[in-house]
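Enquirer: Each chain, letter by letter, is given below.
2 protein chains.
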Amino acid sequence: MHSKSTPIGVIHSPYRTKEDAPIQGIFSPGGLGRVEVFSAYTEGLKDIETFSHLILLYQFDRAGEIKLVRPTFLDDEPHGIFASRHPCRPSGIGLTVVKLLRRSKNILEVGGIDVLDGTPLIDIKPYVPRFDSFPEATEGWLASKGKRYKPPGRE
Amino acid sequence: MHSKSTPIGVIHSPYRTKEDAPIQGIFSPGGLGRVEVFSAYTEGLKDIETFSHLILLYQFDRAGEIKLVRPTFLDDEPHGIFASRHPCRPSGIGLTVVKLLRRSKNILEVGGIDVLDGTPLIDIKPYVPRFDSFPEATEGWLASKGKRYKPPGRE
Chain A
1117 MHSKSTPIGV IHSPYRTKED APIQGIFSPG GLGRVEVFSA YTEGLKDIET
1167 FSHLILLYQF DRAGEIKLVR PTFLDDEPHG IFASRHPCRP SGIGLTVVKL
1217 LRRSKNILEV GGIDVLDGTP LIDIKPYVPR FDSFPEATEG WLASKGKRYK
1267 PPGRE
Chain B
1117 MHSKSTPIGV IHSPYRTKED APIQGIFSPG GLGRVEVFSA YTEGLKDIET
1167 FSHLILLYQF DRAGEIKLVR PTFLDDEPHG IFASRHPCRP SGIGLTVVKL
1217 LRRSKNILEV GGIDVLDGTP LIDIKPYVPR FDSFPEATEG WLASKGKRYK
1267 PPGRE
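Chain order of the listed sequences is A and B.
With the first sequence counted from 1, adding 1116 to any position gets you the working numbering.
With the second sequence counted from 1, adding 1116 to any position gets you the working numbering.
A couple of the hints might just be wrong.
If several chains are the same, the list does not tell them apart, and a pair holds so long as it fits within one copy or across any two.
[Unchecked claim] Straight-line Cα separation of at most 16 Å, EDC-like style, residue types lysine to aspartate or glutamate; simulated pairs:
| id | residue 1 | residue 2 |
| --- | --- | --- |
| 1 | K1221 | E1165 |
| 2 | K1221 | E1159 |
| 3 | K1162 | E1181 |
| 4 | K1183 | E1255 |
These aren't lab readings, by the way, just hints derived from the structure by calculation.
Since we're looking at a predicted model, the values are computed, not measured.
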């Protein structure tokens, strides 16, 4: 339905299946990942090690059918896809904030990863608290939803 | 070079030219925008009004040549594109966090907008402090860079 951005790399993670992956990175802060940026783009990483946190944009390459309203992993009530971080969304694009632990050339070791192993990476942006941190934001319908396991069989 | 995601809407803003637009939304918190979600996707907005802040992903549709290393709007020193929020990036995708002021059907009125008028919208995600707010993150090379005007003629 939607065309996809060309990947600039691949994200390696400990999560091989959807059941393995945490619903969000903060639910598994120990999840170590390796972000491999294709060598053609290594130059674009200049000075990235000056940041402690990065925003990764990636493709939900194993997502299922797109539905505009559906129950989510964290709630049995249906919510709109744009009021949810659910993978089956029109753009097919996921976003996660990770901690940058170490850089070696085109490899970034990161903490707090929540994506499936082999996920196509489409962009890296530096996380800048002045631009991106809004601790006063409300949690909306998620406010009462704590960590839980993914309901079995739910896409 | 890169294919583009299909838009789900259009962002209307007071900024008609690159010179008008603030470098980041926080530099112009009063910038009011209107996010028009195409009516085919209205259903996907269910419950979005329970959130105070939203993440918008959009296309940098008027960006110029992609360079992996370049001076940025906020610094004359060159930095890698993945260590910068510069628009001319391989993915062509921009990210901004806005405040949701009001929803009327498929129209979202938002504050803190920093994009050009008519920018194609590709995704909306709820901003959730537990997932997205990291006030302790370092500002990297941006730490000493305050608000300034865009250097004339700099793409």
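Enquirer: Go through the copies and call it for K1221 and E1159: within, between, both or neither, with a Cα cutoff of 16 Å.
Expert: Within one copy only: 9 Å inside, 44 Å across.
Enquirer: What label fits K1221 with E1165 when the C-alpha limit is 16 Å: within, between, both, or neither?
Expert: Answer is within; shortest intra-copy Cα gap is 11 Å, inter-copy 43 Å.
Enquirer: Taking 16 Å as the upper bound on the Cα-Cα distance, should K1183 and E1255 be classified as within, between, both, or neither?
Expert: The answer is neither: 22 Å in one copy and 37 Å across copies each exceed 16 Å.
Enquirer: How would you classify K1162 and E1181 at a CA-CA limit of 16 Å: within, between, both, or neither?
Expert: So K1162 and E1181 fail the 16 Å test inside a copy (38 Å) and across (18 Å) alike.
Against the hints set out earlier in the document, violations occur for numbers 3, 4.
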